[in-house]
Amino acid sequence: MSSYEVNGQTVEADEEGYITNLNEWSEDLAKVIAEVEDIDMNEEHWAVVNFLREYYEEYQIAPAVRVLIKAIKKQMGPEIGNNKYMYELFPYGPAKQACKIAGLPKPTGCV
Amino acid sequence: MAPLDKNDDGTPKIGKDPLEIPKLACGASADIHTFEAAPEHNEPLGFPGELLDNWKEVAIAKMGELAEKNRAFRVYLDTCVKCGACTDKCHYFLGTGDPKNMPVARQDLLRSVYRRYYTFAGKYFPKLVGARDLTKEVLDEWYTYYHQCSQCRRCAVSCPYGIDTAEISMAAREILDSVGVGQKYCNEIIAKLKKTGNNLGLNPKALRATLDDLEEDLEDETGIPVKIPLDVKGADILLITPSADFFAEPHIDGLLGYAKVFHSAGVSWTLSSYASEAANFGMFIGSYENMREVSWRIRQAAKDLGVKRIVFGECGHAWRVAYSFLNTLAGPFDFLDQNYPIPQHILEFTLDEIESGRLKIDKSKNDEYVMTFHDSCNVARGSSMGREEGGQFEVPRAVLKAVCNNYYDMDPDTIRENTFCCGGGGGLLTDDLLDLRVKGAKPRMTALQQVTEEHGVTHMAAICAICKTQFSKVMPKYGYDMDSIMSVHQLVANAVILDGQETDEADEPVAEEST
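Line by line, the protein sequences are chains A and B. Each residue of the first sequence is one higher than the one before, counting from 315 in our numbering. Each residue of the second sequence is one higher than the one before, counting from 62 in our numbering.
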């Protein structure tokens, strides 16, 4: 188990850094997780994180990468909404790394 | 840990020969210890939540029970003559140089303990016969090295006695699970499948939403309303495909390929939200009970939906379970149409459509690719396809050659029955084993590099969700783009021309294939 320190509070996470209680997520926590992941959050990162959270709220699971990219493309244009750019934003993959920052469970399976 | 030979840019160094034997590096992967499962992962599978106080007695008894019930396992433990034929066959040995990753050494981790408690010589003269007591250190060593075996069975092909390390590795994991030491990756996933029907944890609403999105993509691309039906009662065909096909790239492109083929064939088909997973990780952990429970969902879905046929999508170990074990696990399938293979592989279906000329193909759509094919281990060494012996090698190649103009095989010692595991099979496709996965992919990457140099091969196709995810993750470490790995049905999807579909080059003739 690991944990994050944010605003004087300890937030528990699993061995891979995914928080265990999804209700403990906050934007400040996202910034702390992103720092550990070596990601400097900009407007584009936030667009992805926010979309993931909205999608999760509706469906209780993260969207397929393709669905995510299509949504970002609609929102921010094709220069940002494409696979290559998503991997530049989240080098460890838009599914897993962005989910971690968004406070969502890790996608499991052969993915 | 011994450092991996690396290039200046940090990528692993590839030699000239995929079979090159590394210098021995004792203990090189001794500290690779995949995350252990928590009680909430173990208990839903019927295992103790954590290490039992009397683990030693339970483990020894379990080993005896397995040797009694599974004659093959006992023969494998009894017969090894240390001839050495298997020593250089494992991709993890070739990638790490750790001698405990030699198949014979991996087997001996368990065999030495079996000897101590279950053979006359081992009971009374343990040192003379290399028998050892079961201690916590031994248990830890099992956990470490039996999670560095992808159960690919390449070593078994070379063994003159046919000893199958995969069976020993499965038994070892079963013993570990029985004392409360499970692997997080596999056990968390099996527990999730029991709740939601798939490894991802995708609920029916989310699955339908994803499929709606993909239908939109298909219509945008072709101008034709190609459907991806879910839970349609009375459909003829139930498609069982890995849930990665609903989530990851390039898997999804393969799913679009199946949809186009079914649409073109004019058959009625459906997915099931109850059995929305082809993968069966019960096999990886050697648990017959869990394997059966996962398989049973498929039977239940087929009955509930009233289908006549079951077709499997691109998933390597799922096809082994389906082809080799489904009937004993969840049969008899006497309620299905006996005129078709039970179950059938999507490649068999597609090849029939191609060979009959019903599927219209424009091969030139794939001219930007120079392809090769990675035989997935479980398909290659644990199943067959089509009507001829060796069909599991020929059917995928026949489909690829029917939809692509540029195709070359890799080194014969690395394909077909000699194929290497992708490096992520058997329950090792987890981020915490990434270093091992990169090393284990080295022989395959070396063979790929050879055909890239000789023939200009740009892309590799596979028919397994694990292979696809593994390669898209490790290929960039070897200097290939992550999208250099493709689904076979992705290439099919590119080349298929649906009835009524407007093509970019409407004036160009469309070739109808009949191989």
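Read the hints as simulated data drawn from the structure, not as lab findings. Mixed in with the good hints there might be a few duds.
Straight line, CA to CA, 30 angstroms or less: simulated DSS-like cross-link-like pairs of lysine-lysine [as the list claims (entries may be wrong)]: (1) A:K387 - B:K288; (2) B:K288 - B:K255; (3) B:K161 - B:K84; (4) B:K424 - A:K384; (5) B:K266 - A:K398.
Open item on the list: Please verify whether K288 (chain B) and K255 (chain B) have alpha carbons no more than 30 angstroms apart.
Closed with: Within the cut-off at roughly 28 angstroms; holds.
Task: Pair hint outcome, K424 (chain B) versus K384 (chain A) [Cα-Cα no greater than 30 angstroms] - done: holds, 28 angstroms
Open item on the list: Hint check: K387 (chain A) vs K288 (chain B), CA-CA at most 30 angstroms. Holds or violated?
Closed with: holds, 24 angstroms
- [ ] Would you check the hint for K266 (chain B) and K398 (chain A), treating anything up to 30 angstroms between C-alpha atoms as holding?
- [x] Holds - the C-alpha atoms of K398 (chain A) and K266 (chain B) are around 29 angstroms apart, at most 30 angstroms.
- [ ] Could you grab the alpha-carbon distance between K161 (chain B) and K84 (chain B) and see if it respects the 30 angstroms cut-off?
- [x] Roughly 13 angstroms between the alpha carbons, so the hint for K161 (chain B) and K84 (chain B) holds.
Comparing the model with each numbered hint stated earlier shows that all of them hold.
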